[in-house]
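Order-wise, the sequence lines are chains A and B. Numbering of the first sequence is given in this note's numbering, commencing with residue 1 and proceeding in unit increments. Numbering of the second sequence is given in this note's numbering, commencing with residue 112 and proceeding in unit increments.
Simulated from the structure, these hints should not be mistaken for lab results. Please read these numbers as outputs of a predicted model, since none were measured by experiment. Glycine included, every Cβ here is placed at the ideal spot set by N, Cα and C. Please note that a few of the clues may not be correct.
[What the hints assert, rightly or not] Partial list, computed: chain B residues near chain A (C-beta under 7 angstroms):
no., residue
1, TRP118
2, ALA120
3, LEU122
4, GLY154
5, LEU193
6, ASP196
7, SER205
8, PHE214
9, GLY217
[To be verified] DEER-style ranges, computed between Cβ atoms:
no., chain 1, residue 1, chain 2, residue 2, range
10, A, GLN14, B, GLN124, 41 to 47 angstroms
11, B, LYS191, A, LEU110, 42 to 48 angstroms
12, B, GLN173, A, GLU56, 37 to 43 angstroms
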Amino acid sequence: SQKIEQNSEALNIQEGKTATLTCNYTNYSPAYLQWYRQDPGRGPVFLLLIRENEKEKRKERLKVTFDTTLKQSLFHITASQPADSATYLCALPGSARQLTFGSGTQLTVLP
Amino acid sequence: SQTIHQWPATLVQPVGSPLSLECTVEGTSNPNLYWYRQAAGRGLQLLFYSVGIGQISSEVPQNLSASRPQDRQFILSSKKLLLSDSGFYLCAWSGGASYEQYFGPGTRLTVT
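So here's chain A without its partners, still in its complex pose (with noise of 0.2 angstroms):
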């Protein structure tokens, strides 16, 4: 069966520093994947959509990376500030652009 797992369950970094949060699925050949923040008690908001064919895509400080032979994406936060701290889904499509969701990385930028 498909499954995605989103690996540490939570992540603490120091202020200033890159986050680095993976995304890794089996059983999916996935056209897409994207990544949603979000925070206590909220719903989860849309931040990135990497296409297979491409192999990094930015967004200010945002970075992804999807590696189709590895079957794992990499999203990085570079000079993480506190307000970053959230918690971070990756998601995979179905056949009527329904989505999966990873369970999620909890990220806290210490200051």
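Starting from the known structure of chain A, fit chain B onto it as the hints suggest.
Here is chain B on its own, set in the frame of chain A:
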């Protein structure tokens, strides 16, 4: 611009009582609509999705049901709630040429 509404924001219901959660989307037409549930400290579980009026697909067997009576209205229901139905219920929409989903503010349901 598009907005998505959910109500109520919080709900406390006894076991065995009925449930109706409503979600509406403004500013778009013919959206794909989704219901998710998130248990405390867990990931999102897709419950239902709809690609059009009256078209509902269920992802997991459960005592919940969904309906889409209008293009931009999505309702989640139960005839008799179970303790295990407690959680954070999120509605989302997607549409057009984009693949990302936009989530509502959610309903926190506690079944006692």
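Verification of the hints:
1. Annotation: B:TRP118 was flagged as interfacial toward chain A, and the flag is violated, the nearest CB pair being 14 angstroms apart, outside 7 angstroms.
2. Residue-level restraint check for B:ALA120 is violated (minimum Cβ-Cβ distance to chain A is 10 angstroms; threshold 7 angstroms).
3. Of the supplied interface hints, the one on B:LEU122 is violated, with its beta-carbon coming no nearer than about 14 angstroms to a beta-carbon of chain A, more than 7 angstroms.
4. The interface hint given for B:GLY154 holds, since its Cβ lies 4 angstroms from the closest Cβ of chain A, which is under the 7 angstroms cut-off.
5. For B:LEU193, the shortest C-beta to C-beta distance to chain A is roughly 23 angstroms, which exceeds 7 angstroms, and the interface hint is violated.
6. Interface hint status for B:ASP196: violated, as the beta-carbon distance to the closest one in chain A is roughly 19 angstroms, over 7 angstroms.
7. Taking 7 angstroms as the C-beta contact cut-off toward chain A, the hint placing B:SER205 at the interface holds, the least distance being around 6 angstroms.
8. About 3 angstroms separates the beta-carbon of B:PHE214 from the nearest beta-carbon of chain A, less than 7 angstroms, and the hint is met.
9. Among the interface hints, the one on B:GLY217 holds; its C-beta lies about 5 angstroms from the nearest C-beta in chain A, closer than the 7 angstroms criterion.
10. Our hint of 41 to 47 angstroms for A:GLN14 and B:GLN124 holds, since their Cβ atoms are close to 44 angstroms apart.
11. Taken as a hint, the range 42 to 48 angstroms holds for the pair B:LYS191 and A:LEU110, whose Cβ atoms sit roughly 46 angstroms apart.
12. For B:GLN173 and A:GLU56, the hinted distance range of 37 to 43 angstroms is satisfied, since their beta carbons lie about 40 angstroms from each other.
In summary, the structure is inconsistent with hints 1, 2, 3, 5, 6 from the numbered list given earlier, while agreeing with the others.
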